[in-house]
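Number of protein chains: 2
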Amino acid sequence: MSLLTVGSVAFDALETPFGKTDKIIGGAATYITLSASYFTKDNNLVAVVGDDFPQSMINDLNQHGINTEGLEIRQGEKTFFWSGKYHDDMNTRDTVEVQLNVMEHFDPIIPDAYQDCQYLMLGNTAPAIQQKVIERLTNRPKLIVLDTMNLWIDIANADLMNLLKLVDVLVVNDEEARQLTRQPSLVKAAAKIKEMGPQTVIIKKGEHGALLFQNDQVFFAPALPLAEVFDPTGAGDTFAGGFIGHLAKTDDISFDNMKRAIIYGSAMASFCVEKFGAERIMNLTDEEIKSRVDEFVKLSAFGL
Amino acid sequence: MSLLTVGSVAFDALETPFGKTDKIIGGAATYITLSASYFTKDNNLVAVVGDDFPQSMINDLNQHGINTEGLEIRQGEKTFFWSGKYHDDMNTRDTVEVQLNVMEHFDPIIPDAYQDCQYLMLGNTAPAIQQKVIERLTNRPKLIVLDTMNLWIDIANADLMNLLKLVDVLVVNDEEARQLTRQPSLVKAAAKIKEMGPQTVIIKKGEHGALLFQNDQVFFAPALPLAEVFDPTGAGDTFAGGFIGHLAKTDDISFDNMKRAIIYGSAMASFCVEKFGAERIMNLTDEEIKSRVDEFVKLSAFGL
Chain A
1 MSLLTVGSVA FDALETPFGK TDKIIGGAAT YITLSASYFT KDNNLVAVVG DDFPQSMIND
61 LNQHGINTEG LEIRQGEKTF FWSGKYHDDM NTRDTVEVQL NVMEHFDPII PDAYQDCQYL
121 MLGNTAPAIQ QKVIERLTNR PKLIVLDTMN LWIDIANADL MNLLKLVDVL VVNDEEARQL
181 TRQPSLVKAA AKIKEMGPQT VIIKKGEHGA LLFQNDQVFF APALPLAEVF DPTGAGDTFA
241 GGFIGHLAKT DDISFDNMKR AIIYGSAMAS FCVEKFGAER IMNLTDEEIK SRVDEFVKLS
301 AFGL
Chain B
1 MSLLTVGSVA FDALETPFGK TDKIIGGAAT YITLSASYFT KDNNLVAVVG DDFPQSMIND
61 LNQHGINTEG LEIRQGEKTF FWSGKYHDDM NTRDTVEVQL NVMEHFDPII PDAYQDCQYL
121 MLGNTAPAIQ QKVIERLTNR PKLIVLDTMN LWIDIANADL MNLLKLVDVL VVNDEEARQL
181 TRQPSLVKAA AKIKEMGPQT VIIKKGEHGA LLFQNDQVFF APALPLAEVF DPTGAGDTFA
241 GGFIGHLAKT DDISFDNMKR AIIYGSAMAS FCVEKFGAER IMNLTDEEIK SRVDEFVKLS
301 AFGL
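Chain order of the listed sequences is A and B.
For the record, in the first sequence the residue sitting at position 85 is 85 according to the UniProt record's numbering, with numbers rising by one throughout.
For the record, in the second sequence the residue sitting at position 82 is 82 according to the UniProt record's numbering, with numbers rising by one throughout.
One or more hints might be untrue.
[Claimed, not checked] With a straight-line cut-off of 20 Å between C-alpha atoms, the simulated SDA-like cross-links for lysine to any residue are:
1. B/K165 / B/R136
2. B/K20 / B/E228
3. B/K41 / B/M1
4. A/K275 / B/S185
5. A/K205 / B/M90
6. A/K188 / B/D89
7. B/K192 / B/A156
8. B/K298 / A/Q217
9. A/K188 / B/L224
10. A/K249 / B/G303
11. B/K298 / A/N215
12. A/K192 / B/D89
13. A/K194 / A/M161
14. B/K194 / B/D256
Derived by calculation from the structure, the hints in this document are not laboratory data.
Given only the sequences and the hints, what does the whole structure look like? Please build it.
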């Protein structure tokens with residue numbers, strides 16, 4: 001089934017203990033659609049960039065089967081830019097510079113051809129913008145998945161609370177879940193989020209895996225234990241892309257299929273951190289993904 | 001097969017955000033043998049207490065089928081005492097008071113009846129004492145499992161390095177693994193520990209589960225997501241007790257069976273934190289354990 005991803009397409013400049021990059025392609029929606037492209041071929045993007053965004057990068061997205069009809073190119077403006085530096089432990093990072101540029105007035109335009117999308121992934125951006133997307137779709141998608149971040153929990157809490165009533169799945173990390181609910185226990189945090197709207201809650205714990213909560217059921221997906229993490233940028237978005245990509249491909253939103261989807265998301269995220277930015281997830285084969293997923297099976301399978 | 005556990009039997013006084021206790025029974029070997037008692041009935045303890053240690057507590061151990069012939073009662077001396085207070089997040093604690101008492105000169109005596117033990121669990125105590133146990137056994141056990149802690153890595157590093165060459169399995173938490181090897185990556189830490197001696201390495205990550213490394217294989221066991229952790233004291237020892245208890249019961253040290261053993265250990269640890277001290281693991285039924293293990297299956301099972 002068709003997938004619509006809305007979020008940022010950006011330039012990133014990254015520094016990790018292993019090196020640094022000049023401006024490379026980044027942004028939540030970039031990682032999500034690229035990751036999803038290995039699962040679904042009906043893969044539609046809504047985002048905004050400036051006229052400094054190279055056609056070659058758009059070509060890269062198109063070559064992955066991503067429909068960029070909804071990628072608005074704002075003339076005379078510049079693309080969103082983020083620059084960050086990771087600490088030695090790779091678990092924390094400082095934002096060096098943010099230039100909102102075109103994102104400051106992002107007003108998502110949904111092409112007519114996207115109106116029938118069944119799966120909607122709202123990549124991290126202001127909740128008011130995310131809500132506009134839902135309102136601008138004539139038919140409600142079968143599944144709406146929302147990502148957000150600490151910034152919006154802080155400065156746009158009322159907007160976020162309204163939005164949460166409209167979505168099916170919330171994907172957040174453990175700190176965001178705690179911040180949103182003021183519950184240190186993730187089990188209680190997930191229960192409280194379900195009261196806010198989304199009936200399915202995914203809590204990402206980075207190197208400690210991810211938890212899926214739905215009704216009274218809970219599933220835990222491990223993260224692959226890695227000897228080296230080269231660059232964690234985009235790992236969470238890549239996870240979300242694998243998750244919704246698998247759901248859109250199979251058009252099955254049962255709990256059992258969501259478990260599989262989280263394993264695929266985790267496998268995609270484990271590739272993402274192997275190289276700078278989106279480089280690794282731009283260059284994957286189906287065989288590599290299959291083999292990585294098999295590693296997850298080996299990692300967590302036991303018989304009693 | 002027969003299991004021998006050596007370590008501390010102690011008094012603890014605990015304070016958590018949920019309440020506080022007077023002196024209750026504690027000590028690594030107490031948690032280990034109690035946990036193992038649900039798996040193996042040939043369960044032998046070597047430890048030392050003072051003459052202040054109540055016979056009723058020894059009776060409690062005996063009622064769980066624990067052989068206390070090797071529990072030395074030192075007349076005119078006092079039992080090891082530890083008092084600790086947990087912070088609100090339950091992940092960190094302060095030691096309020098330590099009275100080594102009889103542990104200061106612990107010289108483990110192995111009763112003749114214990115000499116044929118096939119499974120040896122060295123609970124956390126000074127490496128020199130742990131090594132004495134191995135030397136005092138006429139026949140080397142089939143499997144020697146070692147626990148240690150940050151204190152010994154700091155102040156008895158040479159002793160610990162010698163000891164590591166003699167054991168098969170090291171059980172440590174993530175911080176201890178990093179401290180021992182100076183490797184932030186747990187994958188690299190496990191590889192380095194294997195160079196130090198033990199061919200199997202278990203790294204406990206508390207609420208984030210546990211990793212089992214052997215040769216080039218790795219297995220991850222999740223921790224059960226809990227709404228409340230009442231008191232984490234002894235959870236690591238209870239984990240170790242379930243692990244070695246299952247191995248001793250089945251007499252199978254294959255990687256596949258170690259995976260099962262870690263699931264049993266994790267299930268036992270999830271009970272331990274539900275009440276103060278060893279209270280919960282003193283009062284378990286086989287049915288409760290089976291049902292908890294089934295929760296682990298549900299938590300981590302997925303089909304592709």
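Now the hints, each set against the structure:
1. With a CA separation close to 17 Å, the supplied pair B/K165 and B/R136 stays within the 20 Å bound.
2. Of the supplied pair hints, the one linking B/K20 and B/E228 holds, its CA atoms being roughly 16 Å apart against a limit of 20 Å.
3. Restraint check for B/K41 and B/M1: satisfied, since their Cα atoms lie roughly 9 Å apart, inside the 20 Å limit.
4. Proximity of A/K275 to B/S185 is assessed by CA-CA distance (about 17 Å); at most 20 Å being required, the pair is judged to hold.
5. Simply put, A/K205 and B/M90 have alpha-carbon atoms about 18 Å apart, close enough for the 20 Å limit, and the pair holds.
6. For a cut-off of 20 Å, the pair hint linking A/K188 to B/D89 stands: about 14 Å separates their Cα positions.
7. Only pairs whose Cα atoms come within 20 Å are accepted, and B/K192 paired with B/A156 is accepted, the gap being roughly 19 Å.
8. For the hint linking B/K298 to A/Q217, the alpha-carbon distance of about 9 Å falls within 20 Å, and the restraint holds.
9. Distance hint between A/K188 and B/L224 is fulfilled; the C-alpha atoms sit about 13 Å from each other, no more than 20 Å.
10. For a cut-off of 20 Å, the pair hint linking A/K249 to B/G303 stands: about 17 Å separates their Cα positions.
11. Annotation: proposed proximity of B/K298 to A/N215 holds, straight-line Cα distance about 14 Å (limit 20 Å).
12. Between A/K192 and B/D89, the direct Cα distance comes to roughly 19 Å. Compliance with the 20 Å bound is thereby established for this hinted pair.
13. Taking the CA atoms of A/K194 and A/M161, the gap is about 12 Å. The hint holds against a cut of 20 Å.
14. A C-alpha spacing of about 19 Å is found between B/K194 and B/D256, which places the hinted pair at or below 20 Å, so the restraint holds.
When the structure is compared with the earlier hints, no violation turns up for any of them.
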